[in-house]
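S.K.: Chains as they are written, first to last, in the working numbering: chain A, -12 to 787; chain B, 462 to 559.
Please keep in mind that the hints were generated in silico from the structure rather than gathered at the bench. There could be a bad hint or two in this list.
Which bits of chain B does chain A cover? Going by a derived footprint, with three or more residues having C-beta under 8 Å, they are [what the hints assert, rightly or not]:
| id | region |
| --- | --- |
| 1 | 479 to 493 |
| 2 | 509 to 520 |
Facing chain A, a subset of chain B residues (Cβ under 8 Å, in silico) [unchecked claim]:
| id | residue |
| --- | --- |
| 3 | Gly465 |
| 4 | Asn470 |
| 5 | Pro473 |
| 6 | Val476 |
| 7 | Lys497 |
| 8 | Asn499 |
| 9 | Asp505 |
| 10 | Ala531 |
No residue lacks a Cβ here, since even glycine has one placed at the ideal position from N, Cα and C.
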Amino acid sequence: MSVTRRDFIKRSAALTAASYVGMNLPIGQHNVAQAVDADKWVRGTCRLCGAGCRLEMGVKNGRPVALRGVPKARTNYGYLCMKGMLFYKIMQHPDRLVKPLYREKKNQPFREVSWDQALDIAAKGFADSVKKFGSDSTAYYGSGQCQTEETYIFQKVMRGGLQTNNVEGNPRLCMASAVGGYLTSFGADEPIGGYDNIERSYCIFIIGSNMAEAHPVIFRRVMRRKLDNPDKVKIINADPRISPTSRIADMHMQFRPGTDLALMNAMAYVILEEKLYNQKFLDDYCVFRVGKDKKQVNMAAFKESLEKYTPEKAARTCGGNITAEDIRTAARWFAKSQGTLSMWCMGINQRKQGVWANNLIHNLHILTGQLCKPGADSLSMTGQPNACGGVREGGGLCHILPGHRLVKKEKLRNQVEDAWGIPRGRIPPKPGYHTMAMFQAVNEKKIRAIWINCTSPAQSLPNVTPYRKGLQSDDVFVVCTDIFPTKTTECANLILPTAFHFEKTGVYGCTERRSQITPKAVDAPGEAMPEVWIVREWALKLAKELNDPVIAKCVEPFLGKEPDCELPEAVWDEYTQKVTKGRDNDLRGATYEVLKSMDDGVQWPAPTKEFALTGGTVMKFVRGSDPMAETLAKDDKPYQFYGPAHADKKLWVWLRPYVGADEEPDAEYPLYLSTGRIIDHWHTTSMTGRVPELLRANPYSYVEINPKDAARMGVKPNDMVEIESRRGRVEMPAKVVEGPIEGMVFAYWHDMHEDRMINKVCKDAYDPGSKEPEFKICACRVRRISGPRALKPYITTLNG
Amino acid sequence: MPIGGFVVNAQPEFVNEVAGELSDIDDVEVYGFDEKGNIVAVIDSESSTIMEAQVKKIEGLDSVLTVGVAYLHAEDEVEKIENGELVIDNPFQNRKKH
Ligand code: SF4
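With the hints as extra help, turn the sequences into a complete structure.
M.R.: Next up, the structure:
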């Protein structure tokens, strides 16, 4: 590259960055779009977290040459993080799976097979299982990283074709409690508002989320809001761990793990005691409920239930640095601000009391009327890019059908059967196995054939060791679709190579009900194919094996479509036009044509194209913003809570007592263990671990230990320590840091190395409502085993 | 030889110092900053490995709150990978090709 061209690109890079912050640089305004002579720029969504950042990939001679943010996108306004920027390296990696691979027994090496052979093997494996052990001996386990079209077509073939509801996905491990919380508090899944409230809020309550690392671009918006309004905007960060997120907080409330239920009940106590609640909002829109039978009670009963949560008592329960005065101040900031926004993530969801913890956040918003107005929202952040769009909306969990329909309701099953043109009664009435039960059923050989798509449960399940046994057994036929070898492909009989993001077309739905398309920009390597094609071809072969024309009927509308664009569009059209019609996630207006024309995408409900082209519904339930608040209105009030789960069309304030973690520390295991994500890595590192820059930044997991605990245990920085629980042990280096509260250690979970895989130590207790496991809290002990040791990073190869 | 355009956010009261510290890092050129703590910088490095290392250095500075990427040009690196001049750095040995 000549010096002049290089200089030109540098200036363009600077001008692009400067344009984001409205800075005029003294170097002349070039047309930055011309900086790279790319053949085309293809607009899509980042693949590497749930923020939903929009970016454009510059393609030249069929390969990616540049990336830039999309400044008009209402998710990221052009900003990206380094993880998002480096994902093009994943596409070109030499480890990419490029041919179908098969082995009959799991101790054999894989051999290459043709697609035709591979699909025959997959069809025969599932058909044999159905014939010998029945439909419920088969299962699909998907991912919040699959595109909506993929989740939708897989679950259609499983439910309508194979007649089983054994359809699950890894969002059970991260989002299920948020779903439970929204349904039980607001009557409808997914947030009322979205990121749009960040710039309009005056109090931001961040709890159980290190968003500076987990959602860096959204954190940037929160940071900007605070820095631009240092005196007007208050940030409260509540977390047992001080993290980079705490750096912008006015108040960091550091509590003993699991005691946040007491903390939030105490905030509610203050709101009642000081009459900070919004009586009109309560009168118009809310009821109080208690217990399994959802008994309605009055406000006095609610007040009585809070009596044991005086700020003084709660401060003692919470421990850490929390004082009664802090709780009072936080409650006042929350209640009195012009708009309060709560944001949380796995610290709240991955808990045995996950649904209750969600309810208690919503309680604070309902009591104070901090909903449905500018800057006010109760916003659960999503971890994965399509947990909301694909799995929650597209029918990717064992108890829900697409369009937020419950499996157990016959009328709703019939609606889906009619839309699919298959006989009524075809979808079984019984929900399938939820995730932890599914892998238990694999262990018990109740499931004999399982298809695992785009995720790695052999690493990501809590207390993972016992759950691997079934997957490793030759009695269970395991198919994996993925782009790289993982700990789970080590357990596979058949590995099918798939096209990656930007190598196929599909839609992702991010945190804020926003669906965004990513079109194909480059060819997939080798013989890798889009999942929608794989499922269609597999279903046709299954229909023959089982001599069941209804299976073929499930993919009939998609026959003859080319796999990269036409096929996913046909799947999306069926899903949106026939299945979301009239549901609260009505996406009929969000056609491919509309989505492609948008810088970002469409927030549902968006029943018509005209409305979708405006961007859709910014604030659900609000007349003037949400078209369904008009069509489903039951009175003339400005807010209409029409959610399908609450027949009374009210918001519910729940009486939920503080209950601790499933496993609290004791004499034998005296410390709390919590786990989480580091900025550079995504989940199990099957992708980011293969980007050397990201790997080098954090080559292996480590554990953070509070300096006081470290001194007591004689642990010095970088010493090797053993972390042991009742379930397993790992060894990793220690970082001594004022991060976790005293009495708690925090380990990063991305590492694939067997010695450092912290999920062997975590507990598999789960929330009785959401069935989401308690990754965030268990009891452990930590022991120094040596001084610093040179460690090698590890990524699994094809044969383990 | 990738080129990246960045917005670095510093605590506003320390933006001057941070801009100075950035200029001292190899390959980093500061194009401007403002009183809100925004610093526009370009990293022009030999490889994306070096760029990531420089970003880590910036993230590690005391008064830096976030580092946002606006633009990345990587054509030269992609070309080199395709021509076989640059092998994607692979820290894992004995990789089985298939
Ligand atoms: S914040 Fe998430 S979606 Fe945005 S660029 Fe980073 S990884 Fe991608």
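S.K.: For every hint, state whether the structure bears it out.
M.R.: The hints, checked one at a time:
Counting residues of the region 479 to 493 of chain B whose C-beta lies closer than 8 Å to any C-beta of chain A gives 3; at least three are required, and the coverage claim holds. Counting residues of the region 509 to 520 of chain B whose beta carbon lies closer than 8 Å to any beta carbon of chain A gives 7, which meets the minimum of three for the stated coverage. Interface restraint check: B/Gly465 against chain A, minimum CB-CB distance 6 Å, threshold 8 Å, status holds. Of the supplied interface hints, the one on B/Asn470 holds, with its beta-carbon coming within about 6 Å of a beta-carbon of chain A, less than 8 Å.
This hint holds: B/Pro473 has a C-beta 6 Å from the nearest C-beta of chain A, less than the 8 Å allowed. A cut of 8 Å between beta carbons decides the hint on B/Val476: the least distance to chain A is about 11 Å, and the hint is violated. Hint status for B/Lys497 relative to chain A: holds, with the closest Cβ pair at about 6 Å, below 8 Å. At about 4 Å, the closest approach between the beta carbon of B/Asn499 and any beta carbon in chain A falls short of 8 Å, and the interface hint on this residue holds.
Residue-level restraint check for B/Asp505 holds (minimum Cβ-Cβ distance to chain A is 6 Å; threshold 8 Å). Taking 8 Å as the C-beta contact cut-off toward chain A, the hint placing B/Ala531 at the interface holds, the least distance being around 4 Å.
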